[in-house]
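J.: Sequence:
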Amino acid sequence: MRVPSFGVEEELLLVSATGNPLPRSKAVVADLPDVELELTRAMVEINSPVCATAAELRGHLSDMRAKLAQAAADEGARLLAIAVPPQGDAAQPITRKARYQELEQRWGLLAREQGVCGCHVHVEVPDKQAAVRASNHVRPWLPTLLALTANSPIYLGRDTGFASWRWLMTTRWPCAGPPPYLESLEHFDALVSMHLAAGTLMDEQMVYWDIRPSSHLPTVEVRVSDVPLSVDETVLLATLIRALVMTALEDGGQGPRLEPEVLRAAYWLAARDGLTANGLDVRTAEPLPMAEVLQRLRRHVEPALRELDVVDLVDDGLRRALTDGNGAVKQRKAFREGGDFTALTEVRP
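Here this note's numbering is used: the first residue of the sequence shown is 1, the next is one more, and so on.
With a straight-line Cα cutoff of 27 Å, these simulated DSSO-like cross-link-like pairs (lysine-lysine) come out: (1) K97 to K26; (2) K67 to K97; (3) K67 to K26; (4) K330 to K67.
Here are the simulated distance ranges between beta carbons: (5) A66 to Q101: 28 to 38 Å; (6) D74 to T53: 28 to 38 Å; (7) Y181 to R320: 28 to 38 Å.
In short, the hints are calculated from the structure, not lab data.
Beta carbons are placed, not taken as given, at the ideal position from N, Cα and C, and that holds for glycine.
Could you put the whole structure together from the sequences, leaning on the hints where they help?
T.: In structure tokens, the structure reads:
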């Protein structure tokens with residue numbers, strides 16, 4: 001079984017002492033080469049290098065989070081691993097960058113309200129055709145990955161009733177959310193060309209599907225998840241995605257076709273309930289406790305996990321998620337108890 005390299009992008013939020021988004025990203029990232037500006041001026045993005053092991057990825061993410069937290073503190077900001085603004089206004093000032101300003105000009109309030117933080121995992125593939133096939137194979141498991149890492153129940157001081165409010169917000173874009181089944185690379189290119197001709201995309205980078213062939217890297221990119229609360233959760237997510245892609249490439253086929261309404265229902269359950277209720281096995285349309293859905297995922301990728309020597313890492317991570325809860329569970333508990341729920345999401349130097 002071929003072992004691909006992988007890497008991660010994490011979007012994080014800068015806030016004031018009271019939890020309001022703080023537009024100081026340019027000053028915070030000035031001396032950090034692996035950190036980039038994002039759409040709004042209260043967001044920053046860390047980019048791991050290409051990694052060969054889970055341990056290597058964990059080391060890089062831990063180091064980058066700590067350095068960024070210190071840079072934020074130096075500018076009077078707090079750095080949160082949280083997927084939506086916990087307080088303040090929905091609309092946020094856009095970063096002064098030509099691409100982002102064009103997004104604001106063309107999409108208005110939708111762009112200004114997109115101050116949300118996700119986690120994007122890149123896995124190496126031989127070519128773009130392989131990325132298309134991998135997309136189809138990973139597609140049935142995207143709601144499960146969303147449920148596992150949901151981390152946005154509280155938005156602007158209110159409990160949304162959802163585990164991942166970020167995911168619902170991102171689906172407002174014209175080419176976002178659940179990806180279509182892709183017949184071929186030519187089919188993918190034709191869909192992108194249609195959107196470009198219609199004016200619903202500026203370019204291929206605006207394909208915001210939850211999994212997509214990267215437009216500029218030899219990778220398939222999974223974009224479904226909220227930014228996880230902890231580095232350990234990010235490493236678990238990235239490891240599962242890597243194993244899913246390995247399993248897809250080993251299979252070699254075009255991937256299973258799914259009933260779109262079943263996939264839609266699974267997504268909605270994952271976004272609303274996270275790990276706290278039933279999910280769907282999209283392949284069978286069977287409602288199941290999320291613990292069983294996660295075990296089916298684990299069994300599906302077990303040969304890849306053994307090849308990577310990460311069986312214990314994944315088993316321990318899934319056990320903790322089911323026992324302790326994901327970020328959504330922990331945030332909601334703190335919020336209902338009347339404490340500073342943002343404190344548990346704060347990244348420390």
